[in-house]
Amino acid sequence: MAEFLLSISAPAWLAYSVAALIQCALLLAVALGSAAISIWLERKVSARIQDRLGPTRVGGRFGWLQPPADGLKLLCKEDIIPAAADGPLFRLAPYISFCTAFCVFLALPFANNWVALRLNVGVFFILAVSGLEVFGVILGGYASGSKWSLYGAMREAAQVVSYEVPMALCVVVPVLIVGSMDLVEIGNHQAGWFWHWHVFHDPFTFATFWIYMTCAVASTNRAPFDLAEAESELVAGFLTEYSGFRWVVFFMAEYPAMFLVSGLASVLFLGGWNGPIPIASLLHLTPAVHPLAGWIGNLLGMCNFIAKGVLGITCMIWLRWTLPRLRIDQVMTTCLKYCVPLASAMLAGVMLWMYLLPGGVWTQAEQLWSPSTVNAATAVRREQAPGPPRPAEKQAHHEPEPMDVVWTR
Amino acid sequence: MDAVNWHTIFFWLFAMLACGFAVGVVVTNNIVRMACCLVASLGAVAGLFFLAGTEFVGAVQLMVYVGGTMVLLVFGVMLTARGPFVSMQTGGGQWILATIIGGALLAVLLQAAFSVPQWMAPKPLVPQAAPAPTAATLGLALMGVRVDKLERPDPVLRKGMSGYLLAFEIISVHLVVVLVGAAYLARAKRALGPRPIGLGGRSAPPLGAAQK
Amino acid sequence: MMNLLTQPVGLSHYLAVSAVLFVCGFLCMATKRNILGVLMGIELVLNGANLNFVAFGSRLLRGGTSDGLGLDGQAIALFVIILAAAEAAGALAIALNFYHTHATVDVDRAEELKG
Amino acid sequence: MPINQVQPEAVEFDVHTDEMLINMGPQHPSTHGVLRLVLRTDGEVVTEVTPHIGYLHRCAEKIGEHLSPRQFLPYTDRLDYLSAMNMNLGWSLTVEKLLGLKVSEKTRHLRVIMAELGRIASHLVAAGCYGLDLGSFTPFTWTFRDREKILNLFEAACGARLTCSYITVGGVTADLPPGWLSQCEQFLTEFAPVVDELHAVLTSNAVFVRRTAGVGVLPAATAIDYGCTGPVLRGCGVAWDLRRDGDPFYTEMYDGYQFEVIAQTEGRYPQDHPYPPVPAAACLGDSWHRFYVRMLEVVESMELVRQAMAKYAAAAGEVDKPIPLKKKLPQGEVYLETEAPKGQMGFMVKSDGSPIPSRVRIRSSSFCNLSVASELCRGVLVADVPAIIGSLDLVLGEIDR
Amino acid sequence: MNIQEIHSRLARAFQPWLAATGFEAIDPWIEVRPEGLPEIGRYLRDSQDLWFDMLHCITGVDDIELDAKKSAAKKAEQPDWEPHLELIYHLSSTRHRHRLVLRTRLPRWHEDTPGRLPEVPTVSDIWSAAKWHEREVFDLMGVCFVGHPDLRRILCPEDWVGHPLRKDYEMPREYHGIPAR
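Chains as they are written, first to last, in the numbering used here: chain Z, 2 to 410; chain X, 18 to 229; chain R, 517 to 631; chain G, 37 to 437; chain H, 896 to 1076.
Read the hints as simulated data drawn from the structure, not as lab findings. From the three backbone atoms N, C-alpha and C, an ideal C-beta is built for every residue, glycine too. Heads up, a few of these hints could be off.
Sample of chain H residues lacking proximity to chain G, with all beta carbon distances greater than 10 Å (derived) [unchecked claim]: (1) P911; (2) A920; (3) D922; (4) E926; (5) R937; (6) D948; (7) H985; (8) S1023; (9) A1024; (10) I1049.
Below, a list of computed lysine to aspartate or glutamate pairs in the EDC-like style, where the Cα atoms sit at most 16 Å apart [unchecked claim]: (11) H/K1062 - G/D388; (12) G/K98 - H/D958; (13) H/K970 - G/D388; (14) H/K1062 - G/E101; (15) H/K969 - G/E97; (16) H/K964 - G/E97; (17) G/K98 - H/D948; (18) H/K1062 - H/D948; (19) G/K185 - Z/D330; (20) G/K364 - G/E101; (21) G/K98 - H/D944; (22) H/K1062 - G/E97.
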């Protein structure tokens, strides 16, 4: 984008700032859009589960205008700040949550190289920033001054912080397989048919995927783990004192977090923008053929990615409306007694597997099956992974790409 | 003002944030406000790390320091704050003395910072074609293969080939020991003795006596 | 240092910021009566030092492979962060214990050694 | 000491927090109606629960001393407003016992139909609200959807959905409209699969089991000692059901009906049917068993309604008309208990010959069931209190009278 | 085990405390003196073949005729009748499936000084169900149960004056500013 503006001789600083603004606007649109979609989806899916229709009258037959209607209603609701509240902190808390949830979108790739900020430490950055969301909650609970909201804030903080550990362990597995923390690279590593996805890479990664999903559900406070706003015990947890726009901002933090977590799951385990059938490569829509074709290929990839994200959200909603809520100590025991040991076992398992069968189940099968097709498959994959030539090759000779030294492809 | 150097703009932004909130920590009396200012300043410092090109350290700072230690600290603040907004004033005299010493120290440091000429202007930037800094080299250094010293000309500097593997192991053991010790230390002592329900167990703390 | 916005930022600017952080941390440790305030001062001091290490060790500021700290700076910064986490945990445990016995976190009242 | 109740002293508090007195109710979402629970908690562990009632006290007994029995009937609807039919039945039988009045076969079978339908409706509300207490919203909508069908049947029979005043002293206000029996038959056939769905979503649901099995364990002796009755008592394994062991005047109503008392005796529930087995974690007398007993009673009541419909259709003659409004009551005093969905509902009438009784006494089952709550909630976590109170299935209208 | 056998069994051990009996009533009952209640209750609950382990409910009945004409007619019928309170205990055994009704007769006021509540020893240590039932009878009928662990009003507010279920009770004009009549 910036190069394009520079080419039309806009002053440098204008070009860069405009490019940055466009990308921010795009990301904000994605974050709020995902929030709107998931709100609408939640209403419709939960209605279907509960044998009712869900919103139908607002805008068209399927009530798709419901999220804006909710937003408008909440906007004109009165914003009450309780007397015992600590003013500035009370106002600040929702924005901390929203900012952390939003700036995680920076590092999330939507298609091959379509990412706002291609960080070399992408996955690590996402984990770090999603860890900060708990501050917003603690501040919110503490600043509202009431005993109940403090209870809710404490519970949620303990839960989110403790679920970060198994989630980090599960995220390390795909990083281990690919050898780099760069999300675009992880996505490209899963190109080709759906059996190239990491989830089918080996039994351990398959199990890791499910552990990751449980930890993800727990860390975004959804479904059976939603202790914070446990209606039946603590009225509404730390959200009791919030109303009107601040309440919306808190929910603007929770719903994009849902999309983000399922998006991350799809990139790490389900092949991100690589669909089950590699349409883009079959139709030769790759940049090698023509830059515009590459762009369309990426567009297809993005649709794939968003479809998987929405699928993840539907599963979370489905979980929420069928399971009752777990008790705080049960949530903690599942984390410490089940998730952490299992995740570390899977990590050890994958390491062992990588050592014994480097490629993963299907590549091995392919090799055993017919050595000749292997070169074709790897060729497809190598040619299929376009984008800027990987730094390794371009690397000046004197610094051999360390990855190649240790992990054979 | 031909090409505004992005690096500078963001540097000043993060620097101002970091120093501003650091001063905020010193000035405010309310312990909760102090914690929040500290979190903000550490976040700004993480931004500075990113700016300085060391992404991995920035991410570690965000995750371990801000996401971990600060949450610990905030929990500590909430568990020990008697009233919701406890604040303890320090005597006026201490303030003046502290600011004098602090100011002197600051002057000395600043003078030192700006005295060495080659620190002032940065080296001509390595051509942009320099590879995007991957965390791989740092990761390998931790594991013991000092990739960046492979072709160092003079033998003396090449000595540090062994990398940080030993230090890395010691640190992990150290961390485990300290955390287990801390958990054991923080455990409430009155664990198994029978506690009459009515009286709220141990002698009720002298409420309000301690604070001004 | 006249036209700050455009004049390229050098290493010494980073040193200045870390100096400010260091001094604020020092002041905080000196004046705060609450144990946790002192703890926060320590965190600030550690961060100031960290910034120095990273500044010297960063590739952009020191221009590639000349005489800079290279990777050592970043590695040491990593170790400092991890150790700070451990130290904070230990210090908090002591603070909590102090709070249980004396029901206050005021530093001036921590005279007796027993308990 | 039942296994789940952790001794407060033995629990090792990792961080000491001060004792907090927390008010749960009276307008708390999970207490059913206006019940106020004061919890004394230390951190997460609840050390003491004291229920406060009386917010819905309407002096029903005092009013009873100024109205004739048939005029007092609408007040009995408002006692346990979720099963008005059973309340009317209890009151009408008590006064008929005083009058020494016997109703015809057709009326008797009609009363069984109505009583058992009321039991199904009340248990559905109990199951739905219990799911709500534990956080799952879906069973709530399912159970209320089916309860609507029962309420439509009641409306077709007596014009009112909730406060029916249908079963009166001396008989029934009006006979069933034509086609009612086929509607009822259709409801029963449609409702059978729904019970399996409820079992899938709740009873055998792993999270539900973890939240209820072994929670709020009530030993049988304490249950009897506190006078708990109904599913709460049967959940502790005591096979005590007034339809079989009650006052002869009441058990005559169920002559010729095959039904068993749903209680786990010798480790086995009487009706061996395809319903989910008892999970390992559940021990006799905990919240899970109380819920399970209610679910099995719904199935048993459906069976009873089918039998009663067949007998009602076969019975000859007309349904009895109620006694005149101001009929003189014989001198004397009578007390009768009937098996209401929540437990034993006792009515006492003392009259001195005038048409207005001189004393009316109402023994409420939830009143005793609630009195055991403080015993159950000692040493449990805050999140367990709604789970335990929900399993007792309380209705405050009946407790406060 | 019918009422006569129970009565004979009780008569053997507690003859001084047994008062009237009503075998031919619809619900046959036995009347006992108030001071004998705890021992009789413990005996009824603990003896093997009686085993009355469930106390259904305690009812307070205010037996008084307010208008003079009716009370004169009643006194003519039963010469020894005068206004009094009655407590009715309904018991049953879950083991032997039989039922029993115990009654006690209390003066309306302690030593006939209006305002002082009649006293009855508590049975809450025998049947825990009595804990709440006795509190309710104390609250609504005004009977003081000696030895009850925590005798407070249960249905009416703590600071309510008077006992509503007594026949000679008249509603207070207003309660905390809320007009009641």
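Checked hints:
| no. | hint | in the structure |
| --- | --- | --- |
| 1 | P911 | 26 Å, holds |
| 2 | A920 | 6 Å, violated |
| 3 | D922 | 6 Å, violated |
| 4 | E926 | 13 Å, holds |
| 5 | R937 | 13 Å, holds |
| 6 | D948 | 5 Å, violated |
| 7 | H985 | 6 Å, violated |
| 8 | S1023 | 5 Å, violated |
| 9 | A1024 | 3 Å, violated |
| 10 | I1049 | 6 Å, violated |
| 11 | H/K1062 - G/D388 | 14 Å, holds |
| 12 | G/K98 - H/D958 | 14 Å, holds |
| 13 | H/K970 - G/D388 | 14 Å, holds |
| 14 | H/K1062 - G/E101 | 9 Å, holds |
| 15 | H/K969 - G/E97 | 24 Å, violated |
| 16 | H/K964 - G/E97 | 26 Å, violated |
| 17 | G/K98 - H/D948 | 30 Å, violated |
| 18 | H/K1062 - H/D948 | 33 Å, violated |
| 19 | G/K185 - Z/D330 | 40 Å, violated |
| 20 | G/K364 - G/E101 | 14 Å, holds |
| 21 | G/K98 - H/D944 | 38 Å, violated |
| 22 | H/K1062 - G/E97 | 12 Å, holds |
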